[in-house]
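Visitor: So you can see what is in the structure, the chains are spelled out below.
There are 2 protein chains.
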Amino acid sequence: MRRTKLTILALICAISLFPGIAAAQSADPLPSWNDTAAKKTIKAFVERVAKQGSPDFVPVAERIAVFDNDGTLWSEQPMYFQAFFVFDRIKALAPQHPEWKDKEPFASVLNGDINSALAGGEHALLEMAMATHAGTTTEEFEKIVKDWIATAKHPKTGRLYTEMVYQPMLELLAYLRANGFKTFIVSGGGIEFMRPWMEKVYGIPPEQVVGSSIKTKFEMRDGKPVLVRLPELDFVDDGAGKPVGIQMHIGRRPIAAFGNSDGDLQMLQWTATGPGARFCLYVHHTDAEREWAYDRKSGIGRLDKGLDDAKAKGWTVVDMRNDWKIIYPFQKK
Amino acid sequence: MRRTKLTILALICAISLFPGIAAAQSADPLPSWNDTAAKKTIKAFVERVAKQGSPDFVPVAERIAVFDNDGTLWSEQPMYFQAFFVFDRIKALAPQHPEWKDKEPFASVLNGDINSALAGGEHALLEMAMATHAGTTTEEFEKIVKDWIATAKHPKTGRLYTEMVYQPMLELLAYLRANGFKTFIVSGGGIEFMRPWMEKVYGIPPEQVVGSSIKTKFEMRDGKPVLVRLPELDFVDDGAGKPVGIQMHIGRRPIAAFGNSDGDLQMLQWTATGPGARFCLYVHHTDAEREWAYDRKSGIGRLDKGLDDAKAKGWTVVDMRNDWKIIYPFQKK
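Chains A and B, in that order, are what the protein sequence lines are. Using this note's numbering, read the first sequence as starting at 9 and increasing by one per residue. Using this note's numbering, read the second sequence as starting at 9 and increasing by one per residue.
Looking at chain A on its own, in the form it has when it is part of the complex (with noise of 0.2 Å):
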């Protein structure tokens, strides 16, 4: 009885004891991934970096990967989801703004015309950003972003945008996690718009969200300290920008970068040149069946200088529509 009992003790203590022995052997880690060379490449960069004794190895606190979000690990088309929340943004402050009934871009947002809104280029997109993302404390906007990221549909799909994510590319995050990689998001998005919503959904802390960003401010209301939103930008954390954000927020440089267009072309570049082992990876939309197709002419998420440096330096290019099984989430079996 004894016997049985410490038997039973030492084959509890042992699978206790090496749980991910057994599920690595034999469970692949990217099953939404085709035995395409992209997943290969993934997986030898990975052993590479992690295995004890690799000539490549790299101490855990200096695994940082980086990925930027907008058609990385979500989609971007029609337009970024960001301006969705902008228009929905505008037409909920409308009663409070009666002016921009007759003031571009607002009144073409209120028309329900995003083309002529958006015709005024950069200008206007950063008007209706600072009209939209400025003004609340803090706290008031994580609760706004928290309520449409609930509730707002994609639509073409009809579905959340949270739903429009890339089940690779999740698999993808959870794979680098397990092997000691701390991940970070660095994107041109906002990034009080994301921290409320990717901890959920990627597994990513706020912390670990590099974005653009609006100045804040801290004052006292009734007593109680507040950050107020400034209708002021602080830092755009694009192109020539990321490895920027990277060195404000992160400090060290990635040894693995993930993107998709050319904004994210410095980044990989910063990412690539560092010593030892590095990785660097562009997710090319080539799948207007399951999702879009477009590269070097597309005025969202161009890839065109960055397809040519992908090429000429060796970095891995996911062709969705090849290495992909699935794109999102909802199409698992």
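It should be emphasised that the hints constitute simulated quantities derived from the structure, not laboratory data. Possibly wrong hints are sitting among the right ones.
Note that identical chains are pooled: a pair holds if it fits in a single copy or bridges any two copies.
Stated by the list, open to error - With a Cα cut of at most 20 Å, we get these calculated SDA-like pairs of lysine to any residue:
| id | residue 1 | residue 2 |
| --- | --- | --- |
| 1 | 232 | 286 |
| 2 | 48 | 183 |
| 3 | 208 | 341 |
| 4 | 321 | 281 |
| 5 | 341 | 96 |
| 6 | 161 | 298 |
| 7 | 59 | 337 |
| 8 | 232 | 315 |
| 9 | 111 | 226 |
| 10 | 223 | 244 |
| 11 | 232 | 285 |
| 12 | 51 | 188 |
| 13 | 321 | 229 |
| 14 | 51 | 148 |
| 15 | 59 | 286 |
| 16 | 232 | 320 |
| 17 | 223 | 241 |
| 18 | 232 | 38 |
| 19 | 51 | 296 |
| 20 | 154 | 131 |
| 21 | 223 | 242 |
| 22 | 154 | 283 |
| 23 | 51 | 183 |
| 24 | 190 | 213 |
| 25 | 313 | 226 |
| 26 | 99 | 144 |
Once you have looked at the hints, place chain B on chain A.
Guide: Quick look at chain B alone, frame taken from chain A:
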């Protein structure tokens, strides 16, 4: 024989599975703290938030603790240690700047007359900081800091600056982390002056360091990307800037905050007024013999309004002379 093997295996397993139990129950996690009220309130708070089933239980992801550095984790007298770095840099850079011989505040520094150098107040300090902290790449600056911190000695103690950290606070950092806290630095010091040594000295990685900063710019040099440090102020992480820095870098409100001066007051207020259990602590410099004694009238690390607020709000105030058995690690027996 088999039974014996199993017994041993079971014992090894039991120890492996529950390694902390014996240690946690017997060893004191804060051995350099006297058994005064300060120590008791710290331990009571940690147990309240970390114990499963406690009405004040806080999930691990939300156990954020923020620490000021100068005067909270290491000494700051007779002036901020980073100022010594600035003066040493001016001396090192003087050969490349012959004009400094006749230009204040640089001339006074080169003549060893620090008081005159500082007579120009904030403006003079900022000018010296820009002249010595900008103009390099981020990697060059990191090396400069590492070399300096490894060799420069404090004028009074003759010790390395990293030896002048507070042993009780090192224990507190480790104790919090052992209880699931993520520990962050939120300091008025330069972020890139702190990152190169804090991981080794405090166990805090670069991505958990928030500080003041100058702007950087991405640039290609001989086909290699670099980040160039510009002589342009980006962010001052002091006073009302601290909650702003916390939001920018961490994106959620800490549940525990540790400071020593009025420059930390808004950080403590911001921390104190969130929902649920909260902990705020001021280190009060009361030990003229083993360290320095200063508070309401000090030019460096003034603690005046904060001392009143701490009393009014019931925050913990550490009396260094009475609450700490030793100050520095080299005083350990």
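Visitor: Determine for every hint whether it applies to the structure shown.
Guide: Hints and how they fare:
| no. | hint | result |
| --- | --- | --- |
| 1 | 232 with 286 | between (47 Å within a copy, 15 Å between copies) |
| 2 | 48 with 183 | within (13 Å within a copy, 42 Å between copies) |
| 3 | 208 with 341 | neither (22 Å within a copy, 48 Å between copies) |
| 4 | 321 with 281 | within (11 Å within a copy, 51 Å between copies) |
| 5 | 341 with 96 | neither (33 Å within a copy, 65 Å between copies) |
| 6 | 161 with 298 | within (18 Å within a copy, 64 Å between copies) |
| 7 | 59 with 337 | neither (30 Å within a copy, 35 Å between copies) |
| 8 | 232 with 315 | between (51 Å within a copy, 19 Å between copies) |
| 9 | 111 with 226 | neither (31 Å within a copy, 37 Å between copies) |
| 10 | 223 with 244 | both (12 Å within a copy, 13 Å between copies) |
| 11 | 232 with 285 | between (49 Å within a copy, 17 Å between copies) |
| 12 | 51 with 188 | within (14 Å within a copy, 31 Å between copies) |
| 13 | 321 with 229 | between (54 Å within a copy, 18 Å between copies) |
| 14 | 51 with 148 | neither (42 Å within a copy, 33 Å between copies) |
| 15 | 59 with 286 | within (15 Å within a copy, 41 Å between copies) |
| 16 | 232 with 320 | between (56 Å within a copy, 15 Å between copies) |
| 17 | 223 with 241 | both (6 Å within a copy, 15 Å between copies) |
| 18 | 232 with 38 | neither (48 Å within a copy, 33 Å between copies) |
| 19 | 51 with 296 | neither (27 Å within a copy, 58 Å between copies) |
| 20 | 154 with 131 | neither (27 Å within a copy, 43 Å between copies) |
| 21 | 223 with 242 | both (5 Å within a copy, 12 Å between copies) |
| 22 | 154 with 283 | between (40 Å within a copy, 19 Å between copies) |
| 23 | 51 with 183 | within (9 Å within a copy, 37 Å between copies) |
| 24 | 190 with 213 | both (10 Å within a copy, 12 Å between copies) |
| 25 | 313 with 226 | between (42 Å within a copy, 17 Å between copies) |
| 26 | 99 with 144 | within (17 Å within a copy, 48 Å between copies) |
Violation of the numbered hints given earlier is confined to hints 3, 5, 7, 9, 14, 18, 19 and 20; the remaining hints are satisfied by the structure.
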